Amino acid sequence: MSHWRAPGSFSLYDMDQPIHAALGLTDEELSMIIEILKREPNYLELAMYSVMWSEHCSYKSSRVHLRRLPSKGDLVILGPGENAGVIDAGDGIAVAIRMESHNHPSAIEPYQGAATGVGGILRDIFTMGARPIALLDGLRIGDQSDPRNRYIYNGVVAGISGYGNAVGVPTVGGEIVFDETYNANPLVNVAAVGVLMRDKLVLARADGIGNSAILLGATTGRDGIGGVSVLASAGFGQEVDSSKRPSVQVGDPYEEKRLIEACLELLDKRLVVGIQDLGGAGLSCATSETAAKAGLGMDVQIGAIPRREPNMEPFEVMTSESQERMLAIVEDANVAEVLAIAEKWEILAAVIGTVTPAVVHEDGSSVGMLRILDGQEVLANVPAASLADEAPLYHRPLAKPDNFDENSQMDVDSLIGEIDVIAELTKMIGDPSAVYRQYDHQLFLNTIVGPGSNATLLQLASPEIGVSNKAIGLSCDGNSRWCELNPRVGSELVVAESALNVALVGAKPVAMVDCLNFGNPTHPSVMWQLSESIDGIARASLELGIPVVGGNVSLYNEASGRNIEPTPVLTTLGLVEKISGIPPTTSYGVDRSIVLVGDISSKLAGSKLAWSSRSLKGGNLVEVDYDRHRSLIEAVLCLANDSSTYGISAMNDISDGGLALALFEMARASGYGFSLGSDDRDYKLTPGQLFSEAPSRIVVVTSNPTSVIDFFDEGSIPAVVIGSTNSTATLDFGAQALMMLPASGSKSQLN
Amino acid sequence: MSKVGIVVFPGTNCEHDVARALANLGVQSELVWHGDSDLSSYSGVIIPGGFAHGDYLRPGAIARFSKIMSEIISCANSGVPVLGICNGFQVLTEAGLLPGALQKNSGLRFICQPEALEVVTTRSITTSQLSPGDRITLPINHFEGNYTCDSQTLNLLIDNDQIVMRYIDNPNGSIDNIAAISNKGGNVVGMMPHPERASSALLGNSDGLKVLASFAASLVVGAL
Numbered sequence: 001m002s003h004w005r006a007p008g009s010f011s012l013y014d015m016d017q018p019i020h021a022a023l024g025l026t027d028e029e030l031s032m033i034i035e036i037l038k039r040e041p042n043y044l045e046l047a048m049y050s051v052m053w054s055e056h057c058s059y060k061s062s063r064v065h066l067r068r069l070p071s072k073g074d075l076v077i078l079g080p081g082e083n084a085g086v087i088d089a090g091d092g093i094a095v096a097i098r099m100e101s102h103n104h105p106s107a108i109e110p111y112q113g114a115a116t117g118v119g120g121i122l123r124d125i126f127t128m129g130a131r132p133i134a135l136l137d138g139l140r141i142g143d144q145s146d147p148r149n150r151y152i153y154n155g156v157v158a159g160i161s162g163y164g165n166a167v168g169v170p171t172v173g174g175e176i177v178f179d180e181t182y183n184a185n186p187l188v189n190v191a192a193v194g195v196l197m198r199d200k201l202v203l204a205r206a207d208g209i210g211n212s213a214i215l216l217g218a219t220t221g222r223d224g225i226g227g228v229s230v231l232a233s234a235g236f237g238q239e240v241d242s243s244k245r246p247s248v249q250v251g252d253p254y255e256e257k258r259l260i261e262a263c264l265e266l267l268d269k270r271l272v273v274g275i276q277d278l279g280g281a282g283l284s285c286a287t288s289e290t291a292a293k294a295g296l297g298m299d300v301q302i303g304a305i306p307r308r309e310p311n312m313e314p315f316e317v318m319t320s321e322s323q324e325r326m327l328a329i330v331e332d333a334n335v336a337e338v339l340a341i342a343e344k345w346e347i348l349a350a351v352i353g354t355v356t357p358a359v360v361h362e363d364g365s366s367v368g369m370l371r372i373l374d375g376q377e378v379l380a381n382v383p384a385a386s387l388a389d390e391a392p393l394y395h396r397p398l399a400k401p402d403n404f405d406e407n408s409q410m411d412v413d414s415l416i417g418e419i420d421v422i423a424e425l426t427k428m429i430g431d432p433s434a435v436y437r438q439y440d441h442q443l444f445l446n447t448i449v450g451p452g453s454n455a456t457l458l459q460l461a462s463p464e465i466g467v468s469n470k471a472i473g474l475s476c477d478g479n480s481r482w483c484e485l486n487p488r489v490g491s492e493l494v495v496a497e498s499a500l501n502v503a504l505v506g507a508k509p510v511a512m513v514d515c516l517n518f519g520n521p522t523h524p525s526v527m528w529q530l531s532e533s534i535d536g537i538a539r540a541s542l543e544l545g546i547p548v549v550g551g552n553v554s555l556y557n558e559a560s561g562r563n564i565e566p567t568p569v570l571t572t573l574g575l576v577e578k579i580s581g582i583p584p585t586t587s588y589g590v591d592r593s594i595v596l597v598g599d600i601s602s603k604l605a606g607s608k609l610a611w612s613s614r615s616l617k618g619g620n621l622v623e624v625d626y627d628r629h630r631s632l633i634e635a636v637l638c639l640a641n642d643s644s645t646y647g648i649s650a651m652n653d654i655s656d657g658g659l660a661l662a663l664f665e666m667a668r669a670s671g672y673g674f675s676l677g678s679d680d681r682d683y684k685l686t687p688g689q690l691f692s693e694a695p696s697r698i699v700v701v702t703s704n705p706t707s708v709i710d711f712f713d714e715g716s717i718p719a720v721v722i723g724s725t726n727s728t729a730t731l732d733f734g735a736q737a738l739m740m741l742p743a744s745g746s747k748s749q750l751n
Numbered sequence: 001m002s003k004v005g006i007v008v009f010p011g012t013n014c015e016h017d018v019a020r021a022l023a024n025l026g027v028q029s030e031l032v033w034h035g036d037s038d039l040s041s042y043s044g045v046i047i048p049g050g051f052a053h054g055d056y057l058r059p060g061a062i063a064r065f066s067k068i069m070s071e072i073i074s075c076a077n078s079g080v081p082v083l084g085i086c087n088g089f090q091v092l093t094e095a096g097l098l099p100g101a102l103q104k105n106s107g108l109r110f111i112c113q114p115e116a117l118e119v120v121t122t123r124s125i126t127t128s129q130l131s132p133g134d135r136i137t138l139p140i141n142h143f144e145g146n147y148t149c150d151s152q153t154l155n156l157l158i159d160n161d162q163i164v165m166r167y168i169d170n171p172n173g174s175i176d177n178i179a180a181i182s183n184k185g186g187n188v189v190g191m192m193p194h195p196e197r198a199s200s201a202l203l204g205n206s207d208g209l210k211v212l213a214s215f216a217a218s219l220v221v222g223a224l
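Protein sequences, first through last, are from chains A and B. Reminder that position 555 of the first sequence reads as 555 in full-length UniProt numbering, one-by-one numbering, no gaps. Reminder that position 171 of the second sequence reads as 171 in full-length UniProt numbering, one-by-one numbering, no gaps.
In isolation and in its complexed conformation, chain B is listed as follows:
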């Protein structure tokens, strides 16, 4: 059975939530400490939300130097599904696995609220079970979620079908309403919204299960 490695830095705080949401889908996972260097037993990797290394300097800036990162980079390059949620997205951009950067929200405030999203492409590890144009609602929870990149990069993202989800009502000033992007291959995705926070009827929203189910499906397909 395929198993997901959930990477934990000091300051990460959504690791148990991601594990709980995956368990709701019957997907096994284990926590992996940032100082470890072996991901060979996992068929997919998730970098969950939180404040890795306290967000010191800027979010993800120190995490990219953690020992586990070189292993994550080699996984990503060999096609293994790698999902960065919120702080994990920030880590992936700092590590150069995804283009662009996440700056402070345009309102200069932390925002925790549900956001309506439009699925842009199904060519990613997080949207294969959805359709283009689908609308889902997922909670956001961040201070630095304002995605930015230069115009050349934005054009490439559009041309290569790398924009995974857009906000319907842009909450943070992200360029082109971007909420989630992938790498060229679609196996590395960064998203600011939290699918695990919309993963059960008791939470009043289970839209996130479609995202996580897509990720789970990619574990099998993605085992190269």
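Isolated chain A (complex conformation):
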């Protein structure tokens, strides 16, 4: 392999080890490649295998487990395996949804890491022919007393704001969580949603022998080389390694905006037979995957690829993760029109390759070959499917952590001691509006309920589908405490919470996408957490009838040998058949009754109070009672769409921080106070009951508590009045626990 010269600007590769090892491939994986090719790979081929067989692209550690996730359902048009999941919204309208992590790039270069996370997920949506109409961000960042974590927080939010706003897709929801488990390893999970008419759906297949492969969008540069293998598929050491910064891509939202408009025009005019975005592993991925899906081959002329800088090596061109690029497969007759539309939108378009027939072997089997050519010279010649689909799958060893059983014996409720309600609540308060006010969350005029409530509610409308009378609910949820305590039950609780959240805005939960953020998969305890979490999600998915239509797995979330707490993050999609008005939000009116719906629980295991405030990291979570949860979701759907009949002005779910934090959020959104237990007939809650995070519970604020209680009684769901709202700025939790509403409260209410 003497023909390879290491470009001077790179210090990524440790020359003391064999090249395949420096590229992240094991000795066994090299043997497999030699087996496939029946010869030694050259450097370019090795580089292509290293990115395509990386953990990030191949899911080699997780795929055997992911198969257990239910992905089928009556409304599922496309499940996992495509660029995005696609759901049937009725009347010919389809909704595309996808979620992905950009954790490692954001740890090294927060602004660009987060910005390109947004750019990447949007391409997954419009590559299906769908117009992206919404973004959601699940952000988890380390302790803000550390300046580096503050830098990461500011950079990530600025990156999402800078890219998302300029690319012209509203950021309509998400989460922001600060926790020391994410010190040095933040989680940036981004979900995108698009709409299209179902008959315009396009797949990422390179069909049609002789068709042209056209590369659209940005030039190919040296940014992001080895992003999937060097960055996303290895942990961090003691210090965040700035030598990895060249592996982070750099985004240009203006390029992406023009690319969106150009591609939607191409797809609308049916000028492409297949299209694929260039994300992780760049051209290696787009060319091999499109060819493999069609069972055909592809010839790529390396010299035809527009470069950002001179003297780029073929391996750099083929593995570059330069942003804002798409590969379109186009019939000869349409090439000229495609190039003209690209010119109108001022994006580059270059014919870089041709779809070729599969090679038929003597035994009758056929294989599509991906060839990288420089004129007549063949630089690489590998079976396309071997890159795309034939990475090794690992059944990595699993082991329950040693202290798991011991921890679960902990009697958290008796260890908790005295609870000062106001002191504890004060520690939990955050103001997400500081984040979402930096995001355009209103573009397209679809935002009926915006960020800061239980879930987002968006009208389904776009220039392509027109203005429909349907809406979607979206909620992004995760909880590392619950999942560290018990990854299986914790994951079930997260699914249950997310489903309830979309129901609270009147949308029936119909699908979800997930980002599974875990530690180092070579640690058996991490693989056990991943496996348990997947089983938990699978169970909740089946029980609640919400298939998992896509997602990603992010492993190696570790720093200095310490794994993050397991953090599956979900985005749940709900459907509203027919919009009936604005559903109740978390903002209530005065002199109404506060009704607690669901069991009154004082169980605190896994709660913010026990875990974060008292460091009591043990006990058993309250498990989901699925019969109850299904009844509650059904009841909540009715109330959300018929709130005036029941005098309802606000609803909120009870999760993180328990009832205490739920009521605080509602008071802040309203600008008014409340009083608990002040009426003789009110149920009097103990401090422990205020902080329990037991599932399947909500707060309803109503002028007609009797009708609400009777309604829930029909579904055998307990409901009691616990207090009332008033026009003061005082939050009275009973027993002298008073707190004044922050002065800026009323302004955080949007719409």
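For the record, the hints were derived by calculation from the structure and aren't laboratory data. Keep in mind that a hint or two might mislead.
Unchecked claim - Per label pair, the in silico range of CB-to-CB distance:
#, chain 1, residue 1, chain 2, residue 2, range
1, B, ILE168, A, GLN144, 48 to 58 Å
2, A, PRO463, B, ASP159, 54 to 64 Å
3, B, ARG135, A, PRO310, 57 to 67 Å
4, A, GLY466, B, VAL220, 24 to 34 Å
5, B, SER131, A, ILE429, 54 to 64 Å
From a predicted model like this one, the values you see are computed outputs, not experimental measurements. All residues carry an ideal CB built from backbone N, CA and C; glycine is no exception.
Model the placement of chain B on the given structure of chain A, informed by the hints.
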């Protein structure tokens, strides 16, 4: 029937929203590409929000050189109603159709939130259906909405009744709380708030319809 031309630059993103809000009022509109040079079939022009040419260099700085701009300038000079919303306001100042400039928000952050506004004058294409002193709430959505000008220009704006709306609670550091201004004739208006984002009951706010209805009314009157 009068028709509005909505100008689209590469990077513009509010064009469909403006069209949708106008349609709610029964006003017809069409999108006009920045490379076109004919506005003769329109009785009014709106430059919508977004990031024309990626806001490269600075917002509006490149857009002013687009082919359509000379046509917009001649429309403006002949009394045709021209409304620039957000990025459109920035384009109008860069093109010299409105005085002053829009710099970065004083907090150095992007802001997307509703803002209470006071109507200052009705002598503009966006406020004829309102009254001086009226309070309306419209969303803002910008990084560079901090209006600035020299004191002489500010005095002229005041003297000539060119300040159209002011913020009640200045979110971005604009001089004299300015949210919207007009040219001397009142037929060219730039405003940072987005009336189209407050155009239906489902969005929880329809105050923007009064602004757009004023604009629609000016199409008939303004046909010189």
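B:SER131 versus A:ILE429 beta-carbon gap, inside 54 to 64 Å or not | Given a distance of about 41 Å, which is not inside 54 to 64 Å, the answer is violated.
Distance restraint hint 54 to 64 Å, applied to the beta-carbon atoms of A:PRO463 and B:ASP159 = Cβ of A:PRO463 to Cβ of B:ASP159: about 43 Å, so the range 54 to 64 Å is violated.
Do the Cβ positions of B:ARG135 and A:PRO310 conform to the proposed distance bound of 57 to 67 Å?
-> holds (60 Å)
B:ILE168 versus A:GLN144 beta-carbon gap, inside 48 to 58 Å or not = With a Cβ separation near 32 Å, B:ILE168 and A:GLN144 fall outside 48 to 58 Å, so the hint is violated.
With 24 to 34 Å as the target window, see if A:GLY466 and B:VAL220 comply at their CB atoms.
-> holds (28 Å)
When the structure is compared with the earlier hints, violations turn up for hints 1, 2 and 5 and for no others.
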